[in-house]
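In the order they appear, the protein sequences are chains E and W. In terms of the numbering used here, the first sequence opens at residue 1 and continues consecutively. In terms of the numbering used here, the second sequence opens at residue 80 and continues consecutively.
Worth flagging that the hints you see were computed from the coordinates, not collected in a lab. Hints should not be assumed to be uniformly reliable.
If you want the footprint, here are the derived chain E segments under chain W, 3+ residues with CB under 8 Å [said to hold, decoys possible]:
1. 2–14
2. 29–41
3. 55–66
4. 69–78
C-beta: ideal position from N, C-alpha, C; glycine also.
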Amino acid sequence: MTLKNDQIATLMKFVASVTPDGLCCDDCAEHVPELAEAQLGKAPLTEVMEQVQNHLENCPCCAKEYELFLEALAAVEED
Amino acid sequence: MTEQIAARDVWPRRLRDESQREAALAELREILVRGLKRAFGAQGGGESFSEDVAQEALLKILEKLDQFSGRSKFTTWAMSIAIRIGTSQFRRKRFQDVSINTGDRDDNLQMNWADEEAIPVERRQEQQAVLGLLQQLIENSLTDRQRRATEALMHGMPVEEIAARISSNRNAVYKLIHDARARLRQGLESAGYGADDILTAFA
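Construct the complete structure from the given sequences, taking the supplied hints into account.
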């Protein structure tokens with residue numbers, strides 16, 4: 001299979017930006033509700049929330065889910 | 080704080096109480112559908128998609144009720160479950176006909192970088208050097224499973240869909256790819272290319 005320019009650029013960014021991550025996707029999912037509430041309420045982040053944030057920076061799939069989650073919460077808050 | 084915790088118990092109590100369950104489920108369903116429609120609307124997930132996901136989410140929420148710890152509002156927790164189900168369904172549908180290289184490895188991952196004429200010669204040379212090294216590292220430092228998973232991810236396939244195709248699970252595939260990334264980065268750093276050099280060369 002062949003990667004093209006945009007995919008290569010993504011791979012480079014993906015490799016360059018990796019940081020140690022002690023969480024898996026399920027750990028992240030367990031704690032995203034509290035992270036979202038802390039972020040939306042501008043409350044300080046606990047150590048676990050910082051770990052979740054780090055996982056979100058490493059995992060594009062969880063990051064996408066989190067983005068959708070925040071949109072959903074915004075819709076509910078509006079009413 | 081005690082009042083806040085007590086408020087967070089209201090939903091679980093209503094859902095456990097047979098006399099209140101039906102009304103609580105209807106109310107929760109309405110909240111979930113509202114959020115799902117906003118989250119997935121732009122991607123083509125309309126009313127019917129949101130209704131179906133909310134229904135599946137309600138079953139999951141009832142199943143996991145004892146796991147609600149009260150660290151967030153109940154509806155926030157419930158919405159996180161619904162979004163994960165919705166995302167999974169969306170991804171499954173989108174990638175249902177897409178396969179990945181799962182056979183014996185006879186097809187090396189190639190990087191076909193089309194030179195951009197406008198960039199300076201020095202930067203182009205740097206790009207070619209990093210690309211050549213990365214290609215070598217992919218071939219020599221990664222396991223076959225790591226190569227296949229990384230390659231699929233670069234083609235846009237989500238981790239859970241890769242997992243389904245290599246008989247694994249999302250957590251394990253995430254770890255597999257994360258380790259591959261760390262190994263590639265370490266290899267590039269050993270050759271003198273730091274993260275900033277890589278990002279600058281391919282910005």
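To see whether the hints hold, each was checked on the structure:
Counting residues of the region 2–14 of chain E whose C-beta lies closer than 8 Å to any C-beta of chain W gives 12; at least three are required, and the coverage claim holds. Only residues whose C-beta sits within less than 8 Å of a C-beta in chain W count toward coverage, and the region 29–41 of chain E has 7 of them, enough to reach three; the restraint holds. Counting residues of the region 55–66 of chain E whose CB lies closer than 8 Å to any CB of chain W gives 6, which reaches the minimum of 3, so the coverage claim holds. Counting residues of the region 69–78 of chain E whose CB falls under 8 Å from any CB of chain W gives 7; the rule of at least 3 is met.
This entry satisfies every hint, going by the numbered hints stated previously.
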